[in-house]
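Visitor: Sequence:
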Amino acid sequence: EPQRRNFFNALLFPANTTGLAHIGLFTVCFLLLSGVRRSGLLAVRIAVGFIGLMVSIELVNYLYHCVRESAVGATAAPDSLFADSFDFSGTSFTFGGYFNLTGKFFTMIIPALICFLPAGLYPIFTERFDRVFTLLLVIGTFYFPMFFLAVVIFKSSSGYNPFIHIISIFCTLLPYCLLVFQISFVIGGGIYLIRLFQYSIVGGILLLPIQLYLIMVLMHLLGRFYYLNQSKLNWDA
47 EPQRRNFFNA LLFPANTTGL AHIGLFTVCF LLLSGVRRSG LLAVRIAVGF IGLMVSIELV
107 NYLYHCVRES AVGATAAPDS LFADSFDFSG TSFTFGGYFN LTGKFFTMII PALICFLPAG
167 LYPIFTERFD RVFTLLLVIG TFYFPMFFLA VVIFKSSSGY NPFIHIISIF CTLLPYCLLV
227 FQISFVIGGG IYLIRLFQYS IVGGILLLPI QLYLIMVLMH LLGRFYYLNQ SKLNWDA
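In our numbering, the protein residues as written are 47 to 283.
Treat each hint with caution, since some may be false.
Unchecked claim - Straight-line Cα separation of at most 20 Å, SDA-like style, residue types lysine to any residue; simulated pairs:
| no. | residue 1 | residue 2 |
| --- | --- | --- |
| 1 | K201 | R241 |
| 2 | K278 | L224 |
| 3 | K201 | I155 |
| 4 | K278 | L220 |
| 5 | K201 | L220 |
| 6 | K278 | Y189 |
| 7 | K201 | I160 |
| 8 | K201 | N280 |
| 9 | K278 | I212 |
| 10 | K201 | S277 |
| 11 | K201 | L105 |
| 12 | K278 | Y206 |
| 13 | K201 | I103 |
| 14 | K278 | I210 |
| 15 | K201 | L159 |
| 16 | K201 | F190 |
| 17 | K278 | C217 |
| 18 | K278 | G119 |
| 19 | K201 | E104 |
| 20 | K201 | T153 |
| 21 | K201 | I170 |
| 22 | K201 | V106 |
| 23 | K201 | I212 |
| 24 | K201 | Y110 |
| 25 | K278 | V178 |
| 26 | K278 | S102 |
Just so you know, these hints were derived from the structure itself, not from any lab.
With these hints in hand, go ahead and build the complete structure from the sequences.
Guide: Given below as structure tokens:
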């Protein structure tokens with residue numbers, strides 16, 4: 047039977063050497079790119095944008111592995127610094143390797159767009175933050191974890207099947223509601239920190255690694271949910 051670890055154990059998922067190394071590395075990369083981008087030269091800004099995209103793809107690829115490793119019972123961030131990434135064997139330097147990483151990038155991004163784009167567009171077109179906006183946001187927030195988890199675990203078009211998502215939610219309703227609450231709690235904490243440090247230079251610098259830490263916690267919560275409830279989900283993925 048899967049070992050059940052509480053929510054506070056999950057908060058320590060990124061707190062190993064490799065997890066903290068990733069957080070530090072990506073923080074330095076993004077801060078350096080942000081500084082260079084301010085030079086104002088068009089060519090430099092384009093180059094920085096391209097490099098930033100590649101770094102973002104690497105980050106999302108690592109988060110992808112955080113979910114996958116947690117889904118098989120891992121309790122700490124993956125040990126390989128660039129798992130399935132730009133290796134010296136040349137795999138990632140080929141078009142196939144690059145498109146594999148890009149595919150994982152869009153696998154992670156598309157569920158967020160589908161779930162939260164309606165809530166994001168609604169106030170733009172209506173200039174209102176009313177009950178409809180709240181409803182769209184609540185529905186997106188509730189549906190997103192299962193959608194996101196499915197596309198990562200299945201690694202195929204089956205992960206985008208809404209019938210699988212809905213059936214899976216009903217089969218794991220109580221633990222899924224707990225998962226949504228935990229995710230909302232972590233996101234709420236992140237938003238609070240953003241508001242707390244938004245006018246502080248030092249706080250602004252520290253904010254990025256804190257955000258990366260919390261995102262890794264979210265990835266672990268999703269993977270851990272699958273690990274603990276895979277018999278109920280019965281995905282055979």
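Visitor: Does the structure break any of the earlier hints, and which numbers would those be?
Guide: The structure conflicts with hints 1, 5, 21, 25 and 26, although it agrees with all the remaining ones.
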